[in-house]
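Spelled out, the chains give:
Protein chains: 2
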Amino acid sequence: MSVELNLSADPVELTVALVNTPSVSGEEAELADAVQRALVEQAPHLEVVRSGNTVLARTNLGLPARVVLAGHLDTVPLNDNLPLRRTGSGEDELLHGCGTVDMKGGDAVFLHLAATLTAPRHDLTFVFYDCEEIEATRNGLGRIERDLPDWLAGDLAIVGEPSNGVVEAGCQGTMRIELRTTGVRAHPARAWMGVNAIHAAGEALRRLESYEPRRVEIDGCHYREGLQAVRIAGGVAGNVVPDECVVTINHRFAPDRSVADAEAHLREVFDGFDVTVVDFAGGALPGLGAPAARELVAAAGGEPVAKLGWTDVARFAALGVPAVNYGPGDPLLAHKQNEYAPAAQIRRCADVLRRFLTG
Amino acid sequence: MSVELNLSADPVELTVALVNTPSVSGEEAELADAVQRALVEQAPHLEVVRSGNTVLARTNLGLPARVVLAGHLDTVPLNDNLPLRRTGSGEDELLHGCGTVDMKGGDAVFLHLAATLTAPRHDLTFVFYDCEEIEATRNGLGRIERDLPDWLAGDLAIVGEPSNGVVEAGCQGTMRIELRTTGVRAHPARAWMGVNAIHAAGEALRRLESYEPRRVEIDGCHYREGLQAVRIAGGVAGNVVPDECVVTINHRFAPDRSVADAEAHLREVFDGFDVTVVDFAGGALPGLGAPAARELVAAAGGEPVAKLGWTDVARFAALGVPAVNYGPGDPLLAHKQNEYAPAAQIRRCADVLRRFLTG
Numbered sequence: 001m002s003v004e005l006n007l008s009a010d011p012v013e014l015t016v017a018l019v020n021t022p023s024v025s026g027e028e029a030e031l032a033d034a035v036q037r038a039l040v041e042q043a044p045h046l047e048v049v050r051s052g053n054t055v056l057a058r059t060n061l062g063l064p065a066r067v068v069l070a071g072h073l074d075t076v077p078l079n080d081n082l083p084l085r086r087t088g089s090g091e092d093e094l095l096h097g098c099g100t101v102d103m104k105g106g107d108a109v110f111l112h113l114a115a116t117l118t119a120p121r122h123d124l125t126f127v128f129y130d131c132e133e134i135e136a137t138r139n140g141l142g143r144i145e146r147d148l149p150d151w152l153a154g155d156l157a158i159v160g161e162p163s164n165g166v167v168e169a170g171c172q173g174t175m176r177i178e179l180r181t182t183g184v185r186a187h188p189a190r191a192w193m194g195v196n197a198i199h200a201a202g203e204a205l206r207r208l209e210s211y212e213p214r215r216v217e218i219d220g221c222h223y224r225e226g227l228q229a230v231r232i233a234g235g236v237a238g239n240v241v242p243d244e245c246v247v248t249i250n251h252r253f254a255p256d257r258s259v260a261d262a263e264a265h266l267r268e269v270f271d272g273f274d275v276t277v278v279d280f281a282g283g284a285l286p287g288l289g290a291p292a293a294r295e296l297v298a299a300a301g302g303e304p305v306a307k308l309g310w311t312d313v314a315r316f317a318a319l320g321v322p323a324v325n326y327g328p329g330d331p332l333l334a335h336k337q338n339e340y341a342p343a344a345q346i347r348r349c350a351d352v353l354r355r356f357l358t359g
Numbered sequence: 001m002s003v004e005l006n007l008s009a010d011p012v013e014l015t016v017a018l019v020n021t022p023s024v025s026g027e028e029a030e031l032a033d034a035v036q037r038a039l040v041e042q043a044p045h046l047e048v049v050r051s052g053n054t055v056l057a058r059t060n061l062g063l064p065a066r067v068v069l070a071g072h073l074d075t076v077p078l079n080d081n082l083p084l085r086r087t088g089s090g091e092d093e094l095l096h097g098c099g100t101v102d103m104k105g106g107d108a109v110f111l112h113l114a115a116t117l118t119a120p121r122h123d124l125t126f127v128f129y130d131c132e133e134i135e136a137t138r139n140g141l142g143r144i145e146r147d148l149p150d151w152l153a154g155d156l157a158i159v160g161e162p163s164n165g166v167v168e169a170g171c172q173g174t175m176r177i178e179l180r181t182t183g184v185r186a187h188p189a190r191a192w193m194g195v196n197a198i199h200a201a202g203e204a205l206r207r208l209e210s211y212e213p214r215r216v217e218i219d220g221c222h223y224r225e226g227l228q229a230v231r232i233a234g235g236v237a238g239n240v241v242p243d244e245c246v247v248t249i250n251h252r253f254a255p256d257r258s259v260a261d262a263e264a265h266l267r268e269v270f271d272g273f274d275v276t277v278v279d280f281a282g283g284a285l286p287g288l289g290a291p292a293a294r295e296l297v298a299a300a301g302g303e304p305v306a307k308l309g310w311t312d313v314a315r316f317a318a319l320g321v322p323a324v325n326y327g328p329g330d331p332l333l334a335h336k337q338n339e340y341a342p343a344a345q346i347r348r349c350a351d352v353l354r355r356f357l358t359g
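Those protein sequence lines, which keep their order, are chains A and B.
So for the first sequence, full-length UniProt numbering puts the first residue at 1; every next one is plus one.
So for the second sequence, full-length UniProt numbering puts the first residue at 1; every next one is plus one.
Check before you lean on any hint, since a few could be wrong.
[Claimed, not checked] Derived DEER-like restraints, expressed as beta-carbon distance ranges:
id	chain 1	residue 1	chain 2	residue 2	range
1	B	276	A	278	28 to 36 Å
2	B	137	A	85	52 to 60 Å
3	B	261	A	206	28 to 36 Å
4	B	237	A	351	37 to 45 Å
5	B	332	A	134	49 to 57 Å
6	B	209	A	85	33 to 41 Å
7	B	184	A	63	43 to 51 Å
8	B	184	A	42	32 to 40 Å
9	B	261	A	215	18 to 26 Å
10	B	209	A	301	51 to 59 Å
11	B	209	A	256	34 to 42 Å
12	A	260	B	237	23 to 31 Å
13	B	26	A	260	52 to 60 Å
[What the hints assert, rightly or not] Per the computed footprint, the stretches of chain B lying under chain A, defined by three or more beta-carbons under 8 Å from a beta-carbon of chain A, are:
id	region
14	101-112
15	190-202
Hints in this document: simulated from the structure, not taken from any laboratory.
Backbone N, C-alpha and C define an ideal beta-carbon position, used for all residues, glycine too.
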């Protein structure tokens, strides 16, 4: 039996239907089919396109500005947390289950707006994509960027990741380096004939421990950087002075620094050490100066906050599209077995975006 | 065809025959058979006993003192270094191949003496044992200690491990500890919510790096201690602040310290850290004050030196038998593919021991 999604009814009920259609990364076909069918049938004012398990829809009204609303359809693996459970009622109702927070609440808000905003004040593009929760090479948004780039063009992008219904602006960059110390093997009974590479890593750990991460304010958003060893490995055998030790270090940097800036900074911090960049992803400036972004902040009320983790917001920023995270649910509950979203927050997000997009 | 060993001829030729009978740990049967047969046939003045792949032989002359001469028959695994090759000639001849240094040169010296010293001035016990190069639980000398303890009794033990033909006295002890730091996991983008266990290990590495090992003189032998990290491991995943890091540390300590002393010292050095003792072996005091030991040092000439590595000398010391290492070959070449022993050193060791044992 195929899933029926009612897009124009309560977005909370729509969230329930989306969550109860499991869609672990790579297995989004059933949900993408239902989303595509619902958009074609219930949003005839939209151009709808399918690419793999990504569903795209847009208005073509010739308006001066375009807002992109993007949400991934996939979830992390189930953890004995489906079907969805509801507790409380009215303003206190909570939706529990895999995907309630990350991010079917946001998807429901966007799908509801897609069907009901027939006369928006900006042109709208909706992107419901696959494979966000796994390796970056399979990310559906990355595939659209390569295959259908005009579908990501716009003046503001809203990524519906959980943000507690607060505008989270930009995101921090991330860089992973390997710091390698070398030495000379010897027998521990004649240690003076060798050089211990693990001992040599001590100075790097000391610099990590005493490192004072920057705090940066941009467009009123407060970013907090980080520099953390995430792995250390060294040793040959129980009776050998080791000749190599590798420390893997993750740096999270505020979006006023480019990837090149971040690398230069790390090379300065670890001056004297052999440093190799393993991977990186640039941050995204909050971009709250863009007119559409200002309108959204005004509609949402309250103060925008800095996004500390890396999200697909950075893909839009790299394309020159100001981008924010805005969606229901507490991001700290994402990927947790007990994730839950407040029903009232889902409705509030839909109301805020409707106000913003109808003006 | 079974191996024939000529015990009374040149110990260099005997070394060649022993080396060309491969006897990797656990596979000593053929060589033990040949040793047993040769002793029975060519040393009728000795009581000969077989235990597993260990061959024991002794005089029972009722003399006031007894000297034990012990050598292991096994080698580390072959490394494309058999059959034995000979280079040079006369005083400069070298024997190359697996076991030339560790320790068939020493075995040949002892076997030669077993057959030719028919009227020694001390009673003699010879122990040719198996499985020295592998885990301690399989060590043949340990088995004899449990099953035939009177065969290890004596007033001096000489272990024929390579010592460059110099008396190496006593040996250092060894202790391995695990030092564990703990923390609290967090996402690196919100690192201040966690505690990094790898960073916490930095202070332990700093103490290791600045540690000044003791140098100790006992009975004229100079011991040089050591404290070395031999392994470090920590890390959960590339995007997790790690909550555990383990440093494995090997301490080599001079024989004036007991195992308990060594542990107390390590707990003091790493005060504030979680320390677990993983394994240990006590050292052995040089014991050069014993009359037979003084005679041996006089016969060998030169200054005795401290043994830095751990050898089976410590087993004898633990039994209350003063024990030294004395054998041909450079210990630094042991376990190397290119190990080689000078033929002249093999003959010189036989001459020294003959002088010592005939007085």
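To see whether the hints hold, each was checked on the structure:
At roughly 32 Å, the beta carbons of residue 276 (chain B) and residue 278 (chain A) sit within the given window of 28 to 36 Å. In this structure the supplied range 52 to 60 Å holds for residue 137 (chain B) paired with residue 85 (chain A), their Cβ-Cβ distance being about 56 Å. For residue 261 (chain B) and residue 206 (chain A), the hinted distance range of 28 to 36 Å is satisfied, since their beta carbons lie about 30 Å from each other. Taken as a hint, the range 37 to 45 Å holds for the pair residue 237 (chain B) and residue 351 (chain A), whose Cβ atoms sit roughly 38 Å apart.
Checked against the hint of 49 to 57 Å, the C-beta distance between residue 332 (chain B) and residue 134 (chain A) comes to roughly 52 Å, which is consistent with it. At roughly 55 Å, the beta carbons of residue 209 (chain B) and residue 85 (chain A) sit outside the given window of 33 to 41 Å. Distance hint for residue 184 (chain B) and residue 63 (chain A): a CB-CB separation of about 50 Å, consistent with the stated range 43 to 51 Å. Between residue 184 (chain B) and residue 42 (chain A) the beta carbons are some 48 Å apart, a value that contradicts the proposed interval 32 to 40 Å.
For residue 261 (chain B) and residue 215 (chain A), the hinted distance range of 18 to 26 Å is not satisfied, since their beta carbons lie about 50 Å from each other. As the Cβ distance of residue 209 (chain B) to residue 301 (chain A) is approximately 55 Å, the hint placing it in 51 to 59 Å holds. Distance hint for residue 209 (chain B) and residue 256 (chain A): a CB-CB separation of about 36 Å, consistent with the stated range 34 to 42 Å. For the pair residue 260 (chain A) and residue 237 (chain B), the supplied restraint of 23 to 31 Å holds, since their beta-carbon distance comes to about 26 Å.
Range check, residue 26 (chain B) to residue 260 (chain A): Cβ separation about 58 Å, and the 52 to 60 Å hint holds. With 0 residues having a beta carbon nearer than 8 Å to a beta carbon of chain A, the region 101-112 of chain B misses the requirement of three or more and the stated coverage is violated. Under a criterion of three residues with beta carbons nearer than 8 Å to beta carbons of chain A, the stated coverage of the region 190-202 of chain B is upheld, 9 such residues being counted.
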